[in-house]
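Construct the entire structure; sequences and hints are all you get.
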Amino acid sequence: MGGQEMEISLKINGKDVKADVKPNTLLSTFIREDLNLTGTHIGCDTSQCGACAIHLNGDAVKSCAILAAQADGAEITTIEGIANDDELHPMQQAFHENHGLQCGYCTPGMVMSSIKLVENNPNISEEEIRKGLEGNICRCTGYHNIVKSVKQAATVMGG
Amino acid sequence: MYELQYSKPSSVNDAVAEIKKSSDSKFLAGGMTLIPTLKARLSSADTLVDLKGANLSKISVSSSEITIGSMTRHCDVASSNDVKGSLPALAKLAGGIGDHMVRSCGTIGGSLANNDPAACYPSAALALDTTIVTNERSISAEDFFVGMFETALNENEIITEVKFQIPEKASYIKFPNPASRYAMVGVFVAKKASGVTVAVTGAGENGVFRCSEIEIALNSNFSTESLENIDISPDSLNSDIHASAAYRANLIKEMAKRALQEMI
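Chains as they are written, first to last, in our numbering: chain A, 1 to 159; chain B, 160 to 423.
Don't read these hints as lab results, they were simulated from the structure. Remember, it's a predicted structure, so these values are computed and weren't measured experimentally. Backbone N, C-alpha and C fix where the C-beta goes; we use that ideal spot for every residue, glycine too. Among these hints, one or two may not hold up.
[Unchecked claim] With a straight-line cut-off of 30 Å between C-alpha atoms, the simulated DSBU-like cross-links for lysine-lysine are:
(1) A/Lys-11 / B/Lys-185
(2) B/Lys-243 / A/Lys-151
(3) A/Lys-22 / B/Lys-167
(4) B/Lys-185 / B/Lys-211
(5) B/Lys-351 / A/Lys-11
(6) A/Lys-131 / B/Lys-211
(7) A/Lys-131 / A/Lys-148
(8) A/Lys-116 / A/Lys-18
(9) B/Lys-351 / B/Lys-251
(10) B/Lys-198 / A/Lys-22
(11) B/Lys-416 / A/Lys-131
(12) A/Lys-131 / A/Lys-15
(13) A/Lys-11 / B/Lys-167
(14) A/Lys-131 / B/Lys-243
(15) A/Lys-131 / B/Lys-328
(16) B/Lys-412 / B/Lys-243
(17) B/Lys-217 / A/Lys-131
(18) B/Lys-180 / A/Lys-18
(19) A/Lys-116 / B/Lys-251
(20) A/Lys-151 / B/Lys-251
(21) B/Lys-185 / A/Lys-18
[As the list claims (entries may be wrong)] Footprint (simulated), chain B over chain A, 3 or more residues, beta carbon under 8 Å:
(22) 18 to 27
(23) 63 to 69
(24) 89 to 100
(25) 105 to 118
Right, dumping it as structure tokens:
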């Protein structure tokens with residue numbers, strides 16, 4: 001038994017993509033290495049850090065715990081796909097204004113995860129933000145400014 | 160990850176036919192345990208047979224039971240108005256598994272079939288007289304959980320749905336490991352016409368178990384006071400870097416008390 005390549009087609013950041021992938025390719029690897037969308041980060045080996053968060057068919061997921069093959073037919077948004085040309089997404093803008101990052105490594109995952117937290121709960125409380133971000137690990141900030149950023153973005157996004 | 164093949168059949172029958180083609184193939188449910196395990200090369204497979212296309216995701220409720228399709232995701236159970244209305248403890252349990260990104264992928268069937276000793280769902284299944292329905296038969300939860308990561312499932316057997324009996328009242332409280340969110344100890348208390356059932360996850364050497372000491376106490380007096388003088392033996396409990404057996408024994412009592420406080 002080998003790992004013969006298989007064809008997948010999906011929509012990523014609004015663009016149709018067709019590609020041949022080995023069945024053991026992780027979605028995160030496919031996004032970074034085949035599509036060169038390197039904003040999606042890999043921060044751990046154990047699927048615990050959340051740096052690789054993307055949106056898959058409307059849900060925030062960890063792209064390092066999914067095979068590219070599983071995403072056949074899916075609609076995906078990565079951190080590169082949320083701004084409107086030069087206009088940052090309200091979540092990105094809020095992280096910028098509140099200094100919601102230091103080294104920036106976890107930030108794409110934080111932003112993608114937080115967007116879904118807010119979309120699913122527009123009036124999200126500080127406590128719910130802290131609990132909601134339990135799957136995204138940041139080693140620099142102590143989370144305080146991240147939580148502030150999400151809170152601000154929630155008001156802009158229509159909370 | 161070692162090399163493998165991937166297939167996504169569109170029915171349970173096709174999935175069984177597919178998996179029989181090789182002796183080292185595995186079913187793939189939500190993948191939240193299996194993919195990281197494969198990634199770490201702790202596991203391997205000739206072929207992953209993805210059950211996502213097999214039409215196994217659904218929730219339905221009658222007056223006495225909730226039926227949940229095996230590929231129903233944790234987020235769908237947590238947000239289901241049917242589940243929240245008739246068995247809120249189960250919705251809360253599902254909404255506390257992992258984090259919101261894990262809940263967007265992980266499934267009830269995957270959780271039960273994996274039978275991780277620290278998983279949340281096995282406690283609800285054992286406390287609620289649950290029937291696990293497969294493509295071959297129906298298995299009571301009591302017979303289903305055999306030991307750590309072991310179930311009564313045969314090779315090539317697929318869980319299709321899970322039927323929970325709706326109790327008068329229920330509550331699930333867990334003490335999560337702060338890093339993984341798995342239960343260091345989780346206690347599911349169900350009060351039914353036939354009596355009180357208490358199932359404990361995260362603590363037992365052989366996985367989920369019913370705690371007869373607490374059940375006896377609560378069947379004679381359904382109050383937190385009746386738990387005060389109970390001693391839970393640490394003898395068959397887990398000891399690891401996160402907690403000693405004695406600590407877990409104490410957590411069982413404490414989580415049971417908190418569950419009771421929610422119910423009274």
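Hints, one by one, checked against the model:
1. A/Lys-11 / B/Lys-185: 28 Å, holds
2. B/Lys-243 / A/Lys-151: 27 Å, holds
3. A/Lys-22 / B/Lys-167: Given pair A/Lys-22, B/Lys-167 holds - Cα atoms ~15 Å apart, limit 30 Å.
4. B/Lys-185 / B/Lys-211: It holds: about 13 Å lies between the C-alpha atoms, which stays within 30 Å.
5. B/Lys-351 / A/Lys-11: 49 Å, violated
6. A/Lys-131 / B/Lys-211: Answer holds: A/Lys-131 to B/Lys-211 is near 29 Å, not above 30 Å.
7. A/Lys-131 / A/Lys-148: Holds: A/Lys-131 and A/Lys-148 sit about 14 Å apart, inside 30 Å.
8. A/Lys-116 / A/Lys-18: 26 Å, holds
9. B/Lys-351 / B/Lys-251: Holds, at about 19 Å.
10. B/Lys-198 / A/Lys-22: Holds. B/Lys-198 to A/Lys-22 sits at ~14 Å (cutoff 30 Å).
11. B/Lys-416 / A/Lys-131: Distance of about 23 Å is within 30 Å: holds.
12. A/Lys-131 / A/Lys-15: 33 Å, violated
13. A/Lys-11 / B/Lys-167: 19 Å, holds
14. A/Lys-131 / B/Lys-243: The given pair, whose Cα atoms are some 20 Å apart, holds under the 30 Å limit.
15. A/Lys-131 / B/Lys-328: 26 Å, holds
16. B/Lys-412 / B/Lys-243: Status holds; Cα separation ~26 Å.
17. B/Lys-217 / A/Lys-131: Roughly 27 Å separates the two Cα atoms, so the pair holds.
18. B/Lys-180 / A/Lys-18: 28 Å, holds
19. A/Lys-116 / B/Lys-251: Distance of about 19 Å is within 30 Å: holds.
20. A/Lys-151 / B/Lys-251: 24 Å, holds
21. B/Lys-185 / A/Lys-18: Holds: B/Lys-185 and A/Lys-18 sit about 27 Å apart, inside 30 Å.
22. 18 to 27: Three-residue rule met by the stretch 18 to 27 of chain A, so holds; n is 4.
23. 63 to 69: holds (count 5)
24. 89 to 100: violated (count 0)
25. 105 to 118: Holds: 3 residues of the stretch 105 to 118 of chain A have a Cβ under 8 Å from chain B.
The structure shown violates the earlier hints numbered 5, 12, 24.
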